[in-house]
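A.B. asks: Use the sequences and the hints to build the structure in full.
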Amino acid sequence: MKTATLSAEAPPATAAAPETLKPAASKAADGVWAMVGRANLRPVLVGFVSIALFVLVWRFLTVNRIDLYVRFMNVPSPDDVLESAKTALSSAQFADHVLMSCRRILYGFTLAAVVAVPLGLLMGRFKLLSEIVFPVAEVMRPIPAIAWVPMSIMLWPTNEQSIVFITFLGSFFPILLNTLHGMANVDPVLVRAARCLGASEAATFREVYLPATLPQIFTGLTVGMGVAWVSLIAAEMISGQFGIGYFTWEAYSLVQYPDIALGMITIGVLGLASSWAIRLIGRLAMPWSAK
Amino acid sequence: MTAVSPLPADVPAASPYADRPKGRIEITDFSLRYDGANGPMDAVSDVSLTVEPGEFVSIIGPSGCGKSTLLNALAGFLKPTSGVVRVDGKPIEGPSADRGMIFQQYSLFPWKTVRQNVEFGLKMKGMEASERKRAARTLLGLAGLLPFENHYPDKLSGGMKQRVGIVRALATGPRILLLDEPFGALDAQTRLIMQQILTNMWQRLKISVLFVTHDIDEAIFLSDRIYVMTARPGTIKAEIAVPLPRPRQPAVIMSSEFLALRRGLMSLIREESLKAMGGEINADALLGLGANFDGHDLSRAL
Ligand SMILES: Nc1ncnc2c1ncn2[C@@H]1O[C@H](COP(=O)(O)OP(=O)(O)OP(=O)(O)O)[C@@H](O)[C@H]1O
Ligand SMILES: [Mg+2]
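As given, the protein sequences belong to chains A and B, one line each in that order.
The first sequence: position 33 = 33 (the working numbering), numbered continuously.
The second sequence: position 218 = 218 (the working numbering), numbered continuously.
Bear in mind the hints are in silico, worked out from the structure with no lab data behind them.
Remember, it's a predicted structure, so these values are computed and weren't measured experimentally.
Positions of the beta carbon are idealized from the N, C-alpha and C atoms, including for glycine.
Be aware that one or more of the hints could be misleading.
Mimicking DSS-like on lysine-lysine, the simulated pairs with C-alpha atoms at most 30 Å apart in a straight line are [said to hold, decoys possible]:
(1) Lys127(A) <-> Lys125(B)
(2) Lys155(B) <-> Lys125(B)
(3) Lys161(B) <-> Lys123(B)
(4) Lys275(B) <-> Lys127(A)
(5) Lys133(B) <-> Lys112(B)
(6) Lys79(B) <-> Lys133(B)
(7) Lys79(B) <-> Lys127(A)
(8) Lys123(B) <-> Lys90(B)
(9) Lys127(A) <-> Lys123(B)
(10) Lys275(B) <-> Lys90(B)
(11) Lys155(B) <-> Lys133(B)
(12) Lys161(B) <-> Lys125(B)
With the C-beta cut set under 10 Å, the calculated list includes, among others, these residues of chain B facing chain A [stated by the list, open to error]:
(13) Tyr34
(14) Asn72
(15) Asp98
(16) Met101
(17) Gln105
(18) Lys112
(19) Lys123
(20) Leu178
(21) Ala185
Simulated restraints, written as ranges between beta carbons of each label pair [to be verified]:
(22) Glu93(B) <-> Pro188(A): 17 to 27 Å
(23) Asn185(A) <-> Met41(B): 22 to 32 Å
(24) Asn150(B) <-> Pro188(A): 25 to 35 Å
(25) Thr110(A) <-> Ser130(B): 28 to 38 Å
(26) Pro287(A) <-> Pro91(B): 50 to 60 Å
(27) Ser130(B) <-> Pro287(A): 52 to 62 Å
C.D. replies: Next up, the structure:
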C-alpha cells in the first residue's frame, strides 16, 4: 500500500488521447495563424487605421479651415506640425526641454514612490500610524497639485525644486492610497500560513504583505505616473523656464501655433512611454501574475 | 481512552526522537468567546480533549460549532477565554513551526512557485538556499509533485494545491499536524487518494494529527479516535474509538464494523445538525426521523 499510494496520484494521460488524434500538423498551423491573426496582428492593424483616421480628420478640419462654432482656422494642420517637428528635433533646445521634463518626472515620481510605498505598507500594518497620518492625507488629497504652485514657490529656494515638489505631490497620494488598499486586502489565511511555518513579524512583512500588495502598488504607480505628468505640465506652464509644458505655453505666447500641437503630442508620447515602462517593470516584478 | 503519564524513563535511548518533543496535545476546559457585532458570543465552551503522541484524532461536528476556532487556538492564533491548551505540557504562546497547519481555504503563496512554497518554512529556519532546495525537491519527489516544482499555484488543481500545502507543512518536521477540513473542496475520487496519502505520511513520520472534518466516512477511515461536537456553543458530545486494524484498505468502508460505527456517528451528528439549523426543523419532525439516540451510551456501547 505504501508505494501504491504515492504513485496513485498521477492519473494516466491516456484518457485525453482520442481527442488529439486529428492531424497534428494542421492543428499546429491553425494555432499559429490564430495567434498571429487574432492576438497580435489585428489590434496593431486596427490601431494604425484608427490613428490614421484621426490624422485625416484633423487634416480635413484644419486645411479647410472649418468653422462649426468650434473654430479650426488657427489650428495647425498635421503638415505644419510635421514641419515644426523637423526643425524642433534637429535643435538642441527642444531636446533640452524634453530631458528637463523627464528629469523632473524621474525625481518627483521616484521620491513619491520611495516615500509613499513604505508609508502605505507601514500604515497598513500599524493601526496607530494609520490613525495619525490618515486625517492629514485625507485633507491634503483633494488639493490639486496646481493649487500648490504659489505655496511651493514660497517653500523651496529654487524653481526647479518647487516643480519637482509639485510632481511629487501629484503622484504621492494615488500611490499611498493604492498601497493602503492593497494592504487592507491581504488574505489573512496567507499571513497565518506564514506564521505557522515559523515566520517572524519582519519575515511576514517581507514575504507575505509586500508581495501580496504588489499588484495594488503597481496600480498606484501607474495612476501616480499619470497624475505626475498632469502636475508637472501645469507647474511648468505657470512657473517654469524649461520643460515641455513651458515649451507648449511659450509657443502660444509667441504665436507659433504648430509648436503647441507638437508640445501636446510630445507630452502624450512621454506619458504613454512612462506608463508602459511601469507596466513592464510590474510584469518583471510579478512573474506569477503573467497570463 | 488510554491514560498517559509522562514517561521519560520508557523512551529507548537509541530512539532518534528520544530528545524531541513528542507532540502530545492536551486541551483542558477550553472556552472561547468572540466579541462579535451583536455582543459577545460563546463559540466553544468547556472542551477537553487529548491527542496522544503519534495518534490520529478527528473532530466532527455541525457547521459553526467552533471546530476552526479550536484549531486556530491550537495553532496559536487565538487565546482561550478560559482553559488551557498545552502541547507536550507547555501552554501555547503563539504560532510555531512545531505545529503545522492546513487550512480550510487553500493557503499557498500565489507569488511563490511550488518549490518556493515548500521551501518557505526551511527558509524561515535560516537554512541555506541550496540545502533547502535539495530538501524541498526530495519532499516533492516523494509526493509525486516534482514535475510541478516551478509552477505557480494558480496553475494547479485543488487536490494538488492541498498536497503541496501538506508537503509544505511537513517540510519543517513538525510533531503535530492540524488539518481544518483540508479535503472539503475536493471531488470524491481525489479525496480518497488524498486520504491515503495523508495516512501514509502520518504512519511514516509518526506525527500527531488533529483532523477536522464534516465527513463521517473520512473521519472513520482516517482516525484512531473521533470527537463529536455539539452545535454552538461547541462542546464535546461523544468520544468514539475506531478499532479498525491498520493499514486500512479502501474496502474497509464496506465492513460491518465500519458500518456500525457509521450508523452510530450518523445519528449523533444528525441530532446536532438539526439543532444547528435552529427553529427551521422542530422536535416533532425530528422524532419522525427516528434519530433519538443517546450519544454517551453509544460511546460506552462501543
Ligand atoms: N472572528 C470571529 N468573530 C466573531 N464570531 C466568529 C469569528 N470567527 C468565527 N465566529 C463564529 O464562531 C462560530 C464558530 O466558528 P468556526 O469557524 O470555529 O466554526 P466551524 O465549526 O469551523 O464551522 P465550519 O464547519 O462552517 O467551518 C461561528 O458561529 C462563527 O460565526
Ligand atoms: Mg471551519
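A.B. asks: Does each hint fit the structure? Answer for all of them.
C.D. replies: Hints, verified against the model:
About 29 Å separates the Cα atoms of lysine 127(A) and lysine 125(B), which keeps this hinted pair within 30 Å; it holds. Proximity of lysine 155(B) to lysine 125(B) is assessed by CA-CA distance (about 28 Å); at most 30 Å being required, the pair is judged to hold. Restraint check for lysine 161(B) and lysine 123(B): satisfied, since their Cα atoms lie roughly 20 Å apart, inside the 30 Å limit. For the suggested pair lysine 275(B) and lysine 127(A), the alpha carbons sit about 40 Å apart, so the restraint of at most 30 Å is broken.
With a CA separation close to 13 Å, the supplied pair lysine 133(B) and lysine 112(B) stays within the 30 Å bound. Among the hinted pairs, lysine 79(B) with lysine 133(B) is inconsistent with the structure: their alpha-carbon atoms are about 35 Å apart, more than 30 Å. For the hint linking lysine 79(B) to lysine 127(A), the alpha-carbon distance of about 21 Å falls within 30 Å, and the restraint holds. Between lysine 123(B) and lysine 90(B) the alpha-carbon distance is near 26 Å, which keeps this suggested pair within the 30 Å criterion.
Of the supplied pair hints, the one linking lysine 127(A) and lysine 123(B) holds, its CA atoms being roughly 29 Å apart against a limit of 30 Å. For the hint linking lysine 275(B) to lysine 90(B), the alpha-carbon distance of about 36 Å lies beyond 30 Å, and the restraint is violated. Among the hinted pairs, lysine 155(B) with lysine 133(B) is consistent with the structure: their alpha-carbon atoms are about 21 Å apart, no more than 30 Å. Our distance criterion of 30 Å between C-alpha atoms is met by lysine 161(B) and lysine 125(B), whose separation comes to about 23 Å.
Given the 10 Å rule on beta carbons, the hint for tyrosine 34(B) is violated: about 15 Å separates it from the nearest Cβ of chain A. Interface restraint check for asparagine 72(B): the shortest CB-CB distance to chain A comes to about 8 Å, inside 10 Å, so the restraint holds. At its closest, the beta carbon of aspartate 98(B) sits 9 Å from a beta carbon of chain A; the interface hint therefore holds under the 10 Å criterion. Below 10 Å, beta-carbon pairs count as interface contacts, and methionine 101(B) has one with chain A at about 5 Å; its hint therefore holds.
At about 5 Å, the closest approach between the beta carbon of glutamine 105(B) and any beta carbon in chain A falls short of 10 Å, and the interface hint on this residue holds. Checking lysine 112(B) against chain A: minimum C-beta separation of about 8 Å stays under 10 Å; hint holds. Nearest Cβ of chain A to the Cβ of lysine 123(B): about 8 Å, under the 10 Å cut. The hint holds. Using the Cβ-Cβ criterion of 10 Å, the hint placing leucine 178(B) at the interface with chain A is satisfied: the shortest such distance is roughly 8 Å.
With a cut of 10 Å, the hint placing alanine 185(B) at the interface with chain A is violated, because the nearest CB-to-CB distance is about 14 Å. The hinted range of 17 to 27 Å is satisfied by glutamate 93(B) and proline 188(A), whose Cβ atoms lie roughly 20 Å apart. Between asparagine 185(A) and methionine 41(B) the C-beta distance comes to about 26 Å, which sits within the given range of 22 to 32 Å. Hint check: asparagine 150(B) to proline 188(A), Cβ distance near 28 Å, so the stated range 25 to 35 Å holds.
Threonine 110(A) and serine 130(B) have their C-beta atoms about 35 Å apart, which keeps the hinted 28 to 38 Å range intact. The hinted range of 50 to 60 Å is not satisfied by proline 287(A) and proline 91(B), whose Cβ atoms lie roughly 43 Å apart. The given range of 52 to 62 Å is broken by serine 130(B) and proline 287(A), whose C-beta atoms sit roughly 21 Å from each other.
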